[in-house]
Every structure is written in C-alpha cells, then in structure tokens.
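Residue numbers (numbering that gives the first Met the number 0), protein chains in the order written: chain A, 0 to 390; chain B, 0 to 328.
Rather than coming from a laboratory, the hints here were simulated on the basis of the structure.
This list has only true hints and no planted wrong ones.
Here chain A is said to cover these stretches of chain B; the calculated rule only asks that three of the stretch's residues, wherever they fall, bring their Cβ under 8 angstroms from a Cβ of chain A:
no., segment
1, 107-114
2, 271-283
3, 316-324
Beta-carbon label-pair distances, calculated as ranges:
no., chain 1, residue 1, chain 2, residue 2, range
4, B, 91, A, 235, 44 to 54 angstroms
5, B, 84, A, 28, 43 to 53 angstroms
6, B, 103, A, 330, 24 to 34 angstroms
Keep in mind it's a predicted model, so treat the numbers as computed, not measured.
Just so it is clear, CB atoms sit at the ideal spot from N, CA and C, and this is done for glycine as well.
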Amino acid sequence: MKGEWIAAERVEEVRAAAEGWRSAGAIDSGTFEEISRWYPEPRVLPSPLWRALVFVFVSLALLLLLGAFALGTRGGTGAFTVLLLVFGAASLIATEAQENAPRLALRGGAGATSFWGIVFLLVGVFLLLEETLKVREERGVTILALASLVVWALAARRWGSPAYAFLAAIAFFVVLARAPSGRLLWIVCGAAMTLVFERVLDHPSWAPSHRRCAEALVASGLLGAYAAVNLYGLDHRLVESLRGVKLAALGPGSFERIWAMAGTALVPVAVVWRGVRARRMFVIDTGLVVAALSLITLRHYVHLAATWFVLTLAGGLLVLLALFLNRWLAKGTESERHGFTAKPLFADERLGALELAPVVVAHAPGPRPPVEPGFQGGGGSFGGGGAGGSF
Amino acid sequence: MSRMLQGVNPDVAAAVERLRGEGVLTDTQSGLLGRVARREFVSVRPEIRAALYVGVLLVTSGVALFLKENHERIGPAAIGIAIALAAATCLGWASRRAAPFTWEEAASAHPAFDYVLLLGALLAVADLAYLEAQLKLLGPNWPWHLLAVAVFYLFLAYLFDSKMLLSLALAAFAAWRGIAVSLTGAALGAGDPARLRIEALACGALFVALGVAAARRQRKAHFEDVYVNAGLLLVFGGLLSGVFGDEGVRWGAWLLALLLAAAAVGRAAFRAKRTLPFALTVVAAWLGLQRLVFEAVGAARGGALLLSAITAGAALILIVSSRRKMGIQ
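Based on the sequences and whatever the hints tell you, model everything.
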C-alpha cells in the first residue's frame with residue numbers, strides 16, 4: 000500500500016469520526032468546519048449507496064464484456080482461459096489506475112475491478128490446470144487454494160480490503176484441511192492467527208485499512224478454530240471432507256467427542272470473555288455468533304422440548320437478556336459500567352430505507368389469491384406475523 | 000460512521016489530542032471523544048438492538064409453529080385469548096414508553112421500543128388472521144382482513160412514529176390488492192399479470208402521492224421516503240413486468256412508459272437530491288432497455304452482450320456525473 004494512500008486513509012478516519020460526533024451533537028457545525036479545515040478531504044468519498052451502484056454497474060459491464068468476447072471468439076476452453084487471464088490482468092491494472100486517482104479511488108469501481116480481476120485470474124488458473132495441463136483434480140484444487148491464498152492476501156495487503164483478508168483466511172483453512180491432521184492444524188493455526196493479528200489491531204504504524212484486515216483475520220482465526228472443535232463438525236467430518244479423498248468409515252472416537260463437547264461449550268464463553276476484557280466489540284460479536292452455533296448444536300443432539308417451545312423460550316430469554324443488560328448499564332454511574340454503555344455513542348440509529356427492507360420481506364403478508372370465475376371462497380388460512388398464507 | 004464504531008482508533012485518538020491542543024475541541028469534548036477513540040468507553044447498543052430483533056423473530060416463529068401444531072388440540076378460543084394477551088402486553092409496554100404524539104419525528108424512548116412494538120403488532124395481526132381462519136367471520140371476503148391489517152399497522156405507525164410499521168402497512172395494503180412483496184418471486188403475484196400490473200401502478204402512484212403530501216403538509220414528513228421508495232418500487236416493478244412479461248408487441252409501449260416514468264422520477268430525484276429514488280430509476284431504466292437490446296440484436300448473442308455492456312457503461316457515466324452535479328455525498 001502506497002504511503003499517500005495510507006496518509007489519506009488516516010485523514011478519512013478523522014473526518015468520518017468528526018461526522019459521527021456532529022450527527023450525535025457532541026460537536027457543533029462550527030467545530031466540524033474547523034476540524035474539516037485541519038483535515039481536508041483527501042479523496043472523493045461518495046455515500047455507500049452510490050458506491051454500491053457503481054460497483055454493480057462496473058461488475059455488469061465487466062461480466063457482459065467478458066461474455067461478449069467469449070461468444071465472439073468462439074474458441075474452445077483454451078481460448079476462454081486466455082481471455083480470462085487477459086481480462087483478469089486488465090482489471091487489476093484498471094484497479095491500480097483508479098486507486099492512484101484520488102477522484103476515483105473510493106467510488107466503488109476499484110473494488111469491482113479488483114474483485115472480478117482476481118476471480119477471473121483464479122478461474123483462468125483453474126481451467127489452465129484442469130483442461131490444459133491436465134493436473135489431477137485433487138492436486139488441482141490444492142494448487143487453486145494455494146493460489147487463492149496468495150492472491151487474496153496480496154490484494155488485502157495492496158488495497159487494504161478486509162473482505163479480501165477474509166477470503167485469504169478461507170483459502171488458508173482450505174489449504175490446511177487438505178494436509179494430514181487438518182483438524183488439528185485448524186485449531187493450532189486458527190488460534191495462532193488470532194493471537195498474532197490481535198497484537199497489531201491497535202498498532203499506530205499500521206494503516207487503518209490494514210488494521211481492519213487484521214480484525215477480519217482475528218475473527219477468521221476464531222471461527223476456524225471453533226469449526227474444528229464443534230461437535231457437529233467433528234461427527235460430520237466437515238474439515239476432513241475438504242480433503243478431497245474418501246473418508247474412512249470409522250467415525251471419531253469417544254475421547255475426541257468428549258473434547259469436542261467441551262470445546263463446543265467453552266470456546267464461545269472464552270471468546271466473549273476475551274472480547275469483554277479487551278472491550279473489542281467485534282470479538283464479542285464473534286463470540287455471540289459461535290455461542291448461537293453452539294446452542295444450535297446442543298439442540299441438534301438434545302431434544303429437551305418441542306421446537307416451538309425452544310424458539311419461543313430462546314427468543315423470550317434473548318429479549319429479556321437484552322432488556323436486562325440495557326437497564327443494568329443505564330443504572331451505572333453516568334450510564335457506564337466497566338467502560339461499557341448502552342448509549343448509542345455517535346451512532347445514527349435512524350432506520351434507513353434499505354434497513355427496512357429485511358423487516359418487510361420477513362414479515363409482510365402474502366398476497367391474496369386470485370379470484371377464479373365461479374369460485375366460492377371458504378375463508379383463508381391464517382398467517383404468522385405476516386397474517387397471510389399458511390404457516 | 001461505521002468505521003469509527005469498530006473500536007480503538009489510534010489515528011482518531013491522536014487527532015483528538017491535536018485538536019484539543021489547537022483549541023478546536025474543549026477539554027470536556029476531547030475527554031469523551033478521546034476515551035471512545037482509545038476504546039476506554041464502548042457502546043453495546045448495536046448488540047442490544049440486534050438481540051432484540053433476533054429475539055422478536057424467534058418468538059414470532061415459535062408462536063407461528065405453535066399455532067400450526069396445536070390449534071386443533073387447544074381450541075381457537077384459548078389460543079386467541081393467549082396471543083391477544085401477549086400482544087396487549089407488548090403494545091401496552093410500548094404505549095407507556097412512547098413519546099407524546101407529534102406530527103414531527105419523535106425520538107425513540109427506549110432501545111427496545113421499536114422491537115417490542117413490532118412484536119406486539121405482529122402478534123396482534125397473527126391473532127386476527129388466526130381467528131379469521133378459524134371462525135371465518137368474513138367468509139369468502141376474507142382478503143378484506145388484509146386491508147384491516149394494513150389499517151391497523153398504519154394506525155400504530157402514526158401513533159408511535161414507526162417507519163417499520165408503516166412499511167408493513169404499505170406491504171399489507173399491496174397484498175390486499177394481490178401484489179406480492181417478495182425478493183425471490185420474479186412475478187408480481189399470482190393471477191392475471193395484466194391486472195396485477197395495473198394494481199401495482201395504482202398502488203405505487205398512491206404511495207408516492209401520499210409521501211409527497213406528507214412532506215408538503217408537514218404531517219410526519221419523515222415518512223416521505225418510506226412512501227416514495229415503496230411506491231417507486233411498485234411503479235417500476237409494474238412497468239418492468241409489462242416490458243418483460245408482455246408476450247405481444249405491446250412491450251414497446253411498456254418500455255416507452257418505463258423510460259418516460261424514469262425520466263420524470265430521475266429529474267425529480269436529481270432536483271430534490273434524493274439518492275435512493277435516483278438509484279432505483281437508473282436500475283429500472285437499464286433493466287428495461289435490456290429487452291430492447293436483445294430484441295434488436297436478436298440471435299447474435301455476442302453482439303447483444305456487447306451492447307448490453309455499453310449500456311451499463313453509459314449508466315455508470317450517468318451515475319458518476321449526476322452525483323457530482325447533485326453536489327451530495
């Protein structure tokens with residue numbers, strides 16, 4: 000990552016924070032203007048919707064152009080492979096050009112060209128291995144996973160995208176799964192990844208986007224290690240199935256299962272505890288996700304009650320727990336306990352139109368059925384939250 | 000915004016110190032802002048809200064499953080009363096914590112407010128639907144209960160200033176007219192597509208008109224974006240359904256109507272500096288044009304894809320230049 004990009008990112012961090020302070024009323028407009036004078040906008044930064052729109056249309060243009068060339072050349076797999084590699088290289092060159100132009104760097108186009116450039120290259124490599132070089136499928140997948148690891152990791156380092164760091168982590172775990180003792184490697188390397196990258200999360204010398212990549216790698220390490228110790232994952236040989244060879248008929252031993260049961264129960268607690276201790280919300284959130292997965296695993300093996308009862312009870316308890324936490328924090332000194340608060344702290348809580356969409360999709364009633372000529376209706380079926388259709 | 004919520008930020012922490020030293024921030028301001036930047040003070044508000052939302056989803060799913068499995072064994076009266084009590088408890092809780100009614104935007108009194116209100120409304124509506132299905136109060140006219148649901152949601156939305164319930168009210172109204180609000184289904188709903196297109200256009204126009212009226216009369220003016228965006232989705236959905244669904248030669252007329260509507264909406268959105276309606280317009284117009292592209296180029300599919308890519312590039316140029324001319328982020 001270039002020095003000027005890092006310098007621009009640091010200014011953008013301060014500007015983004017100042018916008019949050021202003022919208023929360025922590026500073027007035029005059030102070031915000033003063034901060035803007037101290038930290039002038041280094042690059043054009045449109046809102047997320049504009050960036051998403053640009054991303055979508057650049058993606059469409061690239062894919063359609065590739066399709067047009069593929070149909071136009073009428074070559075075989077070899078020609079298509081060359082086309083993919085050429086398109087991949089061209090897209091990556093376009094990414095560099097955009098990143099170097101402050102007017103274009105953050106518009107969403109660079110994200111689209113870098114993502115599709117890498118995808119084109121990887122698909123091209125896969126076709127090259129499978130169709131041209133006739134590499135055996137088992138080895139081909141391993142080489143592809145290694146190539147993915149290298150390319151996504153380099154892309155994360157160059158352009159500072161946490162999504163690419165996450166994809167590199169996935170490729171890393173796939174590579175590990177294809178080695179002997181893959182499950183053990185997942186646990187060891189997952190924990191090591193977490194511990195190594197946790198050390199640089201607050202490092203001032205790291206670029207802001209690289210710190211976010213480190214966050215993605217910490218979360219990936221935790222998830223990878225948890226996936227390896229989860230009882231359901233062990234019983235269903237989820238890690239071993241990635242190895243690409245026929246699995247032995249013999250399942251896990253009772254000793255392994257006891258360790259997995261303990262891991263399934265204890266890892267979420269440990270992750271949440273570590274997150275609370277360090278006051279790192281993304282670690283706490285990761286812990287909550289794996290806790291939910293552990294509860295689902297428990298439900299899979301232990302049927303204590305009917306599903307409706309478990310769902311209602313779990314939902315009710317979750318609501319009560321959230322209300323209790325809110326009340327407990329609110330009653331602390333100045334609404335604070337141990338550095339935590341339930342106050343929004345510069346977060347905008349207004350629901351945007353895009354945030355309403357999932358609520359409507361989940362709870363909207365189904366449409367009334369069409370009226371057929373001569374049909375005499377006999378009443379509809381009842382619906383849940385949506386009140387339409389049948390349960 | 001989201002970036003600063005992710006926790007400690009040495010760049011922001013250093014900037015706070017610098018701004019305090021230069022006198023831009025007061026000691027009080029820099030104290031709080033510095034603590035947040037150094038991760039000495041963090042908010043769990045998003046986690047609490049997420050837990051409440053997931054909790055509400057689980058409870059409504061559990062209740063739905065319970066009704067499905069037990070309605071014959073327990074009987075409609077007991078079930079109806081139990082759900083009504085639960086709904087009344089939630090709505091009563093929301094009513095006690097709600098801000099006094101105002102035509103302006105009301106601040107949320109409690110982080111759980113939106114979700115408990117949603118839970119109460121969903122349970123009440125489920126109860127209404129269940130009783131209607133069991134007792135057949137409306138008989139063959141049972142779809143009218145969808146209108147009752149829409150009115151109920153609308154009443155609660157205005158009373159408690161909830162955009163969430165307003166969205167559900169509009170979806171229920173559209174459902175009453177037979178239109179499906181679904182991202183998975185390609186069609187507007189079941190039944191005669193021609194009728195559904197007209198229903199979608201009429202509903203959409205009504206919603207847009209209500210949104211504009213709300214803003215002009217300053218009666219819950221902040222509901223405007225919900226009304227307008229829902230309306231535009233229906234209008235463009237109806238027109239696109241005509242462009243792609245009409246088997247005859249009339250698709251050209253539908254495309255012309257779509258492009259005219261897109262031009263009008265795009266111009267209005269540009270003038271009002273509204274991002275989402277502008278984005279919807281560009282996407283709808285581009286999608287509609289694809290029928291023309293593929294009809295015009297015909298079997299030469301490579302050429303059609305090339306032309307399609309060119310239209311995507313043109314849309315991209317329009318987006319980038321419009322954003323700059325609109326002068327907004």
